[in-house]
Structures are given as structure tokens and as C-alpha cells.
Amino acid sequence: MSRDIACGVAGLALATAVWFAAGRIPRSLLSDEVGAGGMPRGLAALLAAVSALILVRALLARTAAGDDDGTTASQHARALGVVAIGFAAILVAPAAGYIATTFLLIIATAAYYGAKVELRLAAVALGGAVALWALFAKALNVSMPAGLWMRLLP
Amino acid sequence: MSEVAIAWKVLTTGWAIPAAFAGVLWGIIGGALPGISPSIAMALLLPFTYGMDAPTAIILLAAVYVGAEYGGSIPAILIRTPGTNSAAATVLDGYEMNRQGRGGEALGISLMSGLVGGLFGLLVLMVATGPLARFALSFTPPAYFALGVLGLSVIAGLSGKSLLKGLFAGVLGFLVATVGTDPVSGVSRFTFDSPDLLGGIRPILAMVGLFAVTELMAQVIEPAWAKADGVTARLKLPGWAVWKRMARPHAIGCAVGTFEGATPGAGGTVAAFIAYNEAKRWSRHPEEFGHGSIEGVAAPECANNVVTGTALVPLLGLGIPGSNSAAILLGGLLLHGLTPGPMLFEKNPEVVYGLYGGLFVANIAMVVLGLIILTPCLWLVNRPKPYLMAFIFALVFTGIYAMEQSFFDVGLTLGFGLLGYAMRWFGVPQLPMVLGVVLGFMVESNFRRALVISGGDWRIFVGDAISVTLLVIAAAIVAFSLRREFLTRRSATVAPA
Chain A
38 MSRDIACGVA GLALATAVWF AAGRIPRSLL SDEVGAGGMP RGLAALLAAV
88 SALILVRALL ARTAAGDDDG TTASQHARAL GVVAIGFAAI LVAPAAGYIA
138 TTFLLIIATA AYYGAKVELR LAAVALGGAV ALWALFAKAL NVSMPAGLWM
188 RLLP
Chain B
-15 MSEVAIAWKV LTTGWAIPAA FAGVLWGIIG GALPGISPSI AMALLLPFTY
35 GMDAPTAIIL LAAVYVGAEY GGSIPAILIR TPGTNSAAAT VLDGYEMNRQ
85 GRGGEALGIS LMSGLVGGLF GLLVLMVATG PLARFALSFT PPAYFALGVL
135 GLSVIAGLSG KSLLKGLFAG VLGFLVATVG TDPVSGVSRF TFDSPDLLGG
185 IRPILAMVGL FAVTELMAQV IEPAWAKADG VTARLKLPGW AVWKRMARPH
235 AIGCAVGTFE GATPGAGGTV AAFIAYNEAK RWSRHPEEFG HGSIEGVAAP
285 ECANNVVTGT ALVPLLGLGI PGSNSAAILL GGLLLHGLTP GPMLFEKNPE
335 VVYGLYGGLF VANIAMVVLG LIILTPCLWL VNRPKPYLMA FIFALVFTGI
385 YAMEQSFFDV GLTLGFGLLG YAMRWFGVPQ LPMVLGVVLG FMVESNFRRA
435 LVISGGDWRI FVGDAISVTL LVIAAAIVAF SLRREFLTRR SATVAPA
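Chains A and B are the protein sequences, given in the same order. Residue numbers for the first sequence, in our numbering: 38 to 191. Residue numbers for the second sequence, in our numbering: -15 to 481.
The following block holds chain A by itself, in its conformation from the complex:
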């Protein structure tokens, strides 16, 4: 399937979902003529029209232009792995605390990009985590997650 066709189909599906979701937005007594759902519905209609045009253009052109950008399924999966590391950090952070999470995030990301897990990487990760913590938590006074283990300290 051409990427333009996929784009058009995805746009139509999203537009349909938004249209029905906007229809379920409750109408307030304070509501104006357009209503809270009016603009989303208008945008959904516009998105559907644009998606349909992209779809029709792709079908009429019948070109395979851009169908194959050389990226394999395994490469896409590898790209998704980066985001998975981020979500893992979100899960770990409340328990592990900011410094430990950032330390692990730097090591995991660098290793994922091909760096050797060695003492140098650990030192850089620790330095980076502490530097960011000092900048945000100390200089900018942002409250960063301390982690469960910090609560165990007297």
C-alpha cells in the first residue's frame, strides 16, 4: 500500500473518530451558537476532506513514488525502541528517583545507539545526571523526584 494511501486512510479514520467524539461533548447552558463541539467537528470535516483528496490523488496517480524509502520493519522497530526507553524511565523514576533514573536513561540510550557499556560511559552518565540535577533542582529550584530509597535515609 502506498504511503499516501495509508496517510489518507489514517486521516479519514481519525476524522471519523473525532467527529463522533465531538458529538458526545456535553452542551453547556453557557454554550454559544458554535458550541464546544463545533470547532472540533468542523476540523474533523476538513481533515476528512483533505485526507480524501490525498487518497484520491494517490489512487489516480497510481505511482509508487515514495512507497519504499528503504526503511525496513526491523529499523522501524528499532526506532520505536528509543521511545520504549523513555516510557521505561517514566515508570522507574518515581521509585528510583531523578538521579538514578537519569543515570540509567543515559546508559541505556547510549548503549542502544551502540556505545560500549564500560566505566567511561558510567562516569559520563553519572556526571550528566548530577549536572542536570544540580542545574534544575538546585539552580532552578525545581522539585525533582527523590525516589523511594531517599525516604529510607534518616
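The hints are simulated quantities; they were obtained by calculation from the structure and are not laboratory data. Every residue, glycine too, gets a C-beta built ideally from N, C-alpha and C. There may be inaccurate statements among the hints.
Between beta-carbon pairs, the in silico distance windows are [unchecked claim]:
1) A/Ala121 x B/Val436: 53 to 59 Å
2) B/Trp227 x A/Val154: 20 to 26 Å
3) B/Gly183 x A/Gly79: 35 to 41 Å
4) A/Val167 x B/Phe32: 20 to 26 Å
5) B/Arg265 x A/Gly79: 27 to 33 Å
6) B/Trp227 x A/Arg115: 52 to 58 Å
Which bits of chain A does chain B cover? Going by a derived footprint, with three or more residues having C-beta under 8 Å, they are [unchecked claim]:
7) 54 to 68
8) 81 to 88
9) 122 to 131
10) 146 to 158
11) 168 to 179
Which residues of chain B face chain A? A partial, calculated answer using Cβ under 8 Å [unchecked claim]:
12) Phe152
13) Val171
14) Pro360
15) Trp363
16) Lys369
17) Pro370
18) Leu403
19) Tyr405
20) Gly411
21) Phe425
22) Glu428
23) Gly447
Model the placement of chain B on the given structure of chain A, informed by the hints.
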């Protein structure tokens, strides 16, 4: 005593000059960190100004604003992460220049364009505060709606190869802007009962996700970079030929920045996008835009720095803060018992003219500090790719969390990264979506307010002179872009034959 003498006295008798330098340095650091907006950087310093005399305090806060607006462009160029909203337009050509080994040149152009913009904005602030403030006051909801439409019309020029896909992205962005509490009735929309979404989705989350996280994902499957040599990793200031080439985008940036800055609610982001689009439209080399164009960096950087001066016009002239940063400056004025407005010029001339002098020093400080810190910045981004990517990820993670101490925001940013990756694969440009997110709320809220005022009569949009003018300009921009796409497609069809 003349205005210049008052400014000179303020600058030379107190701590004003060190405050201007310190403020710019703090602003550059804050602006360069994703998640720390200029207003946050200013707000963090606000309590420290309490013990200072009023002119020094105001100069310090204004200098932070100048530094932050410039600082946002550094990560935009080097790591495809706009540090501030207004640096989003710089990503397109600035990062492309960096990829071509011209990062030092892009940073030099950004620095000098920021200086030109900052000094021009100051000049406008000094000579035109009165008339421009009165003009800003005449903006009504239909005019604000039209201003938003004018901003959205730029989508046509940012769409790259396909206008349809640009429009697709713009609508997606606008839809993101509808998440949260309805601006008129207060009803929740698309919040899925999550309190984190009640306030809507902040544009910076979409920007960092679409640009930085998407790039992190794309880079993991790209081959390793060639190591930068000593020349490409060094800051390069523009030569005479480049200055000549930047003249037109600078003129455009100055004009757009003046208009957008003086209009409450518009600001540097819209100014940068419009300036980018207009620079492309009037360029002799429009084909270079998006591929590392000098003009593509100069125009938005000049425009958003003009705004640092002109955004103070409604504040000083009328006492109306037109942006978050201006609101913090207003807080600084009130903290020192000063009431902005026409009487400020009469009662406290040392504050007003001291501020003018301080802004001048701040712009010079921006160049001095820029020259010192940019080469180390270039060195940093030329470290081995795995280390650099890991640090960028940690910076994104920390900066986004720091905004609201919310992991939900971090998750949302990662989600935008996934969306950006899909958009890239579909060939859908990301910049129009960012514009939709930025302008969506402004367009919808003013559109509906105007209709409430008129009792549902749509003629209100053509009954207001400013509204009509802006809508006509928006229509002209769209028509021009459509014509250009038509001509480009026709020449592409004819060429093979």
C-alpha cells in the same frame, strides 16, 4: 535632563551593566534548556530583584528576556530541539545547516540576526511606543481571529512538496489545540477524564516531541556521523556577502516583529513563522529553504528578537502585558511600586530610559556572551553520537518534567515523538502542525467571542477594518502559495518532456 543623559546616568552609577550581562547569561541558559521558557527564566529571578533598585531590577528582567529569546535558537540549530516556542521556525534551516557541517555558520547568523532584531526592536520601542500602543488597543476579537488566520495562512508556505499534506498537518495541530477546557462554555473536550489535560496541551510538548524525539528515533537507524573537523566545529560570523544576503530577511523580520510584538497576544512564535514564510516568498533562492538556507535562519531569528523590544510597547504605553514575559516584567514593576502606563514616563523616567539603555547593553552582552559560549556548544554537539543522543534524551526528559513536575507531560511528549515519526514516514511536514497547535486556541476563542458579541452575525468579521485587512493579507498569502505550487508542479511535469 535629556532621555539619553538619564539612561547614561542609570547605566553608569549603579549595577545596571553587570545586571544586564548577568540577565542575558541566565536568559541564554534558560532559553537553551527545553521546558524553561523566557517567562519561567524571568520568574525564577523575580524574587531576587526585591532588594534591588527599580531600574536595575527591570533591566535584569528585560535582559533575561533578550537572552532567552536568543538562547532558544542554540539547541534548535544544534540538536533540533527548540529551547523556546519562538525558535521552532529556526529548526528547519538551522538544523539542516548543522547537518551539512555548517552549524558554526548557522549560530553566527542567528547571533547577528538576533542583534539586528534586538536593536531594531529597541529603536521601535523608543520612538513609537505611544502610537503603537494606541494601535494595539484597537484590536477587537474579530481582529485577533483574523490575526490568527494570518498566522495559519503561513501553513501554505511551510508545506514543502505538498500543500495538501501541509494542510493535513495544520488541521492535526489545530485539533490538538482543542484538547482541554472549552474557551467559551468551560466544558471539557477530549480530556478522557484526565485532570492533566484540563488545561490543554502546551505547544512546547508538541514541539519537543515532534522535533527532538522524532529526531532521536530517526537517528538510531541512521549511519554514524563523520567527525567534525576543527573548522566546522567553530563559530563562524557572517562575512560581507552573507550580510548582503541577510538584508532582505532582516528587513522582513523587523517589519513582522514590530507588528506582531506590538500586538498583545501575538508574540515571537507567530512573528518567527510569518517572517520565515515571507522571507521564502521574497527570496531569490526559495528552493534553498528547508535545505539549509541562510535566509531561513536570519528571518525568524531577527523577527523573534525584534519582539523582545516591541512586546514592551503595550506594557510601557498602556500597562497591558501582551505576553507571559511582559506579564513577569509587569510583576517586577509592581513589586517596586511602579505602575506602567503613560504616567510612568512622567513619574519614573529613570526606569523607562534606564530600561532603554539596559536593553541596548543587553543586546551587546548577547553578542559578547554568544561569542564566548557558542564554540564550546559546538564542541559539545560534536561528541560521539551515542553519548550526544543519550544526553539530548536526558535533557528532554528533565526539561519537560521540570515544567510542571509531571511525568504525564513527558509521556505526552514521547507520544508526539511517535506521531512525528509516523508523519515523517507519511511525508507530512511537522512545522504546519506546530503552527496549528500554537494558533489553534487563539483562532477558536476569538472566533467564538466575536460571534457572541455580534449575536451570531458573521458580518462582524468584515465590519472591522483591521480584521478585513488581515484576512485579505492572509488570502493573498494563500493565493500566492497556491500559485507557486501550481507553477512548480507544472514545471516539474514539463521538464521531463
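With respect to the beta-carbon atoms only, verify the hint that B/Gly183 and A/Gly79 lie 35 to 41 Å apart. violated, 23 Å
Holds or violated: is there a CB of chain A closer than 8 Å to the CB of B/Phe152? At about 5 Å, which falls below the 8 Å cut-off, the nearest Cβ of chain A leaves the hint on B/Phe152 intact, so it holds.
Measuring from the C-beta of B/Gly447 to each C-beta in chain A, is the shortest one below 8 Å? violated, 17 Å
Is the interface hint for B/Lys369 satisfied, with its Cβ closer than 8 Å to some Cβ of chain A? holds, 6 Å
Under 8 Å, Cβ to Cβ, is where B/Phe425 needs to be relative to chain A, so tell me if that hint holds or is violated. violated, 10 Å
B/Leu403 as an interface hint toward chain A, with CB separation required under 8 Å: violated, 11 Å
Counting residues of the region 81 to 88 of chain A that have a beta-carbon nearer than 8 Å to any beta-carbon of chain B, does the count reach 3? holds (count 5)
Distance restraint evaluation - A/Ala121, B/Val436, Cβ atoms, bounds 53 to 59 Å: Violated, since A/Ala121 and B/Val436 (Cβ atoms, about 46 Å apart) do not stay within the stated range.
Closer than 8 Å, Cβ to Cβ, for at least three residues: run that test on the region 122 to 131 of chain A against chain B and report holds or violated. Coverage by chain B holds here, the residue count being 7 at a Cβ distance below 8 Å.
Is the interface hint satisfied for B/Pro360? The criterion is a beta-carbon contact with chain A at less than 8 Å. With Cβ-Cβ at 14 Å, over 8 Å, it is violated.
How does the Cβ-Cβ distance of B/Trp227 and A/Val154 compare with 20 to 26 Å: does it lie in that range? Since B/Trp227 and A/Val154 have Cβ atoms about 48 Å apart, the given range 20 to 26 Å is violated.
Supplied contact hint for B/Pro370, tested at 8 Å Cβ to chain A: Status holds, d = 4 Å.
The structure fails hints 1, 2, 3, 6, 14, 15, 18, 21, 23 (numbered hints given earlier, in ascending order).
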